[in-house]
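Okay, here's what each chain looks like letter by letter:
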Amino acid sequence: MKKRDIFQSIMPTPKRLRDLIREIRSARTAADERSVVNKECAAIRESFRDEDNTYRCRNVAKLLYIHMLGYPAHFGQLECMKLIASPRFTDKRIGYLGCMLLLDERQDVHLLVTNSLKNDLSHQTQYIQSLALCTLGVICSAEMCRDLAGEIEKMIKSANAYIKKKSILCAYRIIRKVPDLMEMFIPSTRSLLNEKNHGVLFTAVCLITEMCEKSPDTLHHFRKEYELVPQLVRILKNLIMAGYSPEHDVSGVSDPFLQVKILRLLRRLGKTDLEASETMNDILAQVATNTDTSKNVGHAILYEIVLTIMGIQSEAGLRVLAVNILGRFLLNNDKNIRYIALNTLLRVVQADYNAVQRHRTTIVDCLKDPDISIRKRAMELSFALINANNVRGMMKELLHFLENCDQEFKADCCSNIVMSASKYSPNKRWHIDTVLKVLVMAGNHVRGDVVSMLIQLISETKTLHGYIALQMYKALSNDFTQQPMAQVAIWCIGEYGEHMFSTNVEDEEPVDVSEDDVVKVVEKVLSNNNSNEITKEYAITTLMKLSSRFTSTVPRIRQIIEVYGSSTNVELQQRSVEYTNLFSKFDHLRPALLEHMPLLEVHARSRSVMEDEGQEEENLLGGVEATNNENNINTMINPPVPTEGSSILDLIGNGPSKPDTTSGGGAVDLLDLLGDLGSTPTINNNTTPTQSSGNNLLDGFLSPEPSHTNQMNGDSSLCKIVAFSRNDLLVEMMCEKDTEPNIVVINVKATNSSSTPMSDFVFQAAVPKSFQMQLQSPSGTNLPASNQGEVTQVIKINNTQKTQLKMRLKMTYCQNGNTVTELGEVNTFPQHLWT
Amino acid sequence: MMQFMLLFSRQGKLRLQKWFVAHTDKVKKKITRELVTLVLGRKPKMCSFLEWKDLKVVYKRYASLYFCCAIEPEDNELLTLEIIHRYVELLDKYFGSVCELDIIFNFEKAYFMLDEFLLGGEVQETSKKNVLKAIAAQDLLQEENDEPKSILEEMGFTVSS
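Protein chains in written order, with this note's numbering: chain A, 1 to 835; chain B, 836 to 996.
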């Protein structure tokens, strides 16, 4: 007893691994654990410093446990090296384990490892060779690969299956890491497939697959020289035909691991080769029909078979068989198998559309699966399967799904439904009903593009305006908290409100609704705290529009609008003030201003444009300049040219070097036109949202009268020039100084003296960069024959540098079915305009 | 090819980690944390697969332990479940109805078993018998080696060389 004490005081026996684990596990708190670990680590370090060979193995093992808990253990790396060099098997075993856990290919000690590996690979004990092989399979840096590839190549030829299989997998890793080393392994693979040992066969198939993946030449070589396909077919056949072998049986299936690996290699071999594909057709069919599918393992093989059939150039019958296997998977109780089926169907749906289509009902049933990842796949697949024939039925299911589905799916699901609906809708009414349902069900999950898309769609569908407005009203009175829905509904009520009372759509119950009810609902939306700003802006404009659509509620509307004159929201306040003015001073203009919107044009870039549409509409409808300037009162409601204008702006924004050919072709020409004038032009347009609303507001308050009289009575600074006259098209310009300094207002008037009318007349102008130009909307696009009518348009020029103005013009119109483009230049602006 | 295999408890404690691809310790820890949270967050009625970065993650729970493997897109998920199951069977045979505690206290043995079953991320032996035979032989080799030392140790002596 005494002797022992003395010994321990000199060099205490290190704690046993088991005791350390127990101690760590009994630590109550994280801090306790840390203190146990720190203490032990200190002891281990101490022991390492003392070069204690007896307990090194135990210490490293403890360190590995500590490492797994997440503590640093790098200081054990060198000790692992020492263990590997020890002659004791236990030391080597733990040493190599430590290497695999603590080192990776980036560590600088791996030159040491490489040397140890080299020694142990040629050890006479196979288990020590095995440890070295296993470590190489894990660490395997590029240098190590190069250094040891020769050894591995020799070991593959070993007669010992235990060493052989491990060396083959090392070769596999070496090729993965350094493909250049592949050549040297090709000859040794030749005889591998004749082996009986499954371990060797399995690893050999791995190695050959990797070689085929890496190099098409090798693939070709294997296919032709080695007759690889018939060999693999033979092995596979033996596997399924041979009787029960307990060693490799898994729930009644003979070596599924090997079967799957062979099937995968066959897929690679048959991918681009018809002959190879034909050779394997039979065996694939055989495996597909004979595999016992009562357990997961059978499904694993069938799954691989399906991938192979779909991956090679297989017969049509076989492909149908494959899709039907997946169809059966869908009915399986195991969720994993259902998931695999949907995932795989999604991959093959494009290639085998009709075969997949046959399983539509089962797929749709998966939308109700309890597993969320399965529902997601089913949703994706369902959308892939929609076509013109099944769109009604599928949509019913998908809408039902949308109503009950998880929040995270809603946005995607909505957009997909809307897209599919517009692609395959049987008629407008169904289309609109569908999108409307989406809005009602998905509420705030609906993305912005859906709102503008629906408004576009509705405006195109003239015959249903009343029906839609009524449906929208019903939906809105049920629930006005869903913003996207509220916006569409409000817009429709504003546009088509008057049709609501005259509509009689069969199979719809008549609704008892009065003007008063409608105004009340809109007011609710406007005043509700949950409505967002855009919705409120929609609402106030709608009320204004209703003032010309409805008869009995006008005073009430006026009252509501006036309240917002003191709103803290600048936009609402501005609208309120403008609209109130419209009721009083300019009441005679009100009906004309609030005409129905013309059909919105669909743009090539509709998506991007439409996302901004809410804002664009605000500007179009509520343009304050209308009250300033008589000339463009009508024009404010006319959108085609403003949108053209904005595409010119976009173009300039992109920079003149890259003209965007998808936007208005005219704009590109215009840019060329400007080349002569030199620098990049700046064109401001009154429809652009960049214009500050603050200015407009002031305009509205301060200067309506002066500018009004200016134009009515004429002014001394007024002068008239002929800007362009050719082919019976006459463009005149009336120039005058504005009340603001440096601003010149040009009233453009175009007339047509020929005997045939001109349509689609568009006037464009460009000025040098030092000027700022606002091109306002034209009064129309048609020029009647024989000077019977005219198109007018206002240009505002800001000439801050007071230089001579030059202007380039471009006019396009359509006459007798021909599109004519005219170019012109104006240099004759009178000097006195700028002084 | 399997990229890595993790064993962790229901409380998220790591019990075994086998990496077949090179990552720094920091990255390994990050991946482990991420996957443990992901897998533990899944409900029992969900399937055993998830897509994670460009890999497929296959996991299965055995009693209190989760076995979680990351495989490449070309690999077979259903077969990976079989690989996990085979490993559990091997441990079960070796320890005799294995439980989490066996793996905690004999983690090195669990690693040895895995290294006889998989190598470099691929299966090396499809016969259970052969794997267990190899392990038994190595254990025997270790015992022969250790015999003289352990007697001294039990007496409380340390051997210095």
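Rather than coming from a laboratory, the hints here were simulated on the basis of the structure. The reader is advised that the hints may include incorrect statements.
Said to hold, decoys possible - Under the rule of at most 30 Å between Cα atoms (straight-line distance), these lysine-lysine pairs were calculated in the DSSO-like manner:
id: 1; chain 1: A; residue 1: Lys164; chain 2: A; residue 2: Lys196
id: 2; chain 1: A; residue 1: Lys164; chain 2: B; residue 2: Lys968
id: 3; chain 1: B; residue 1: Lys848; chain 2: A; residue 2: Lys15
id: 4; chain 1: B; residue 1: Lys895; chain 2: A; residue 2: Lys295
id: 5; chain 1: A; residue 1: Lys295; chain 2: B; residue 2: Lys880
Predicted, not measured: the structure shown is a model, and the values here were computed from it.
Taking the hints in turn, this is what the structure says about them:
no.: 1; hint: Lys164(A) with Lys196(A); result: holds (12 Å)
no.: 2; hint: Lys164(A) with Lys968(B); result: holds (17 Å)
no.: 3; hint: Lys848(B) with Lys15(A); result: holds (23 Å)
no.: 4; hint: Lys895(B) with Lys295(A); result: holds (16 Å)
no.: 5; hint: Lys295(A) with Lys880(B); result: holds (19 Å)
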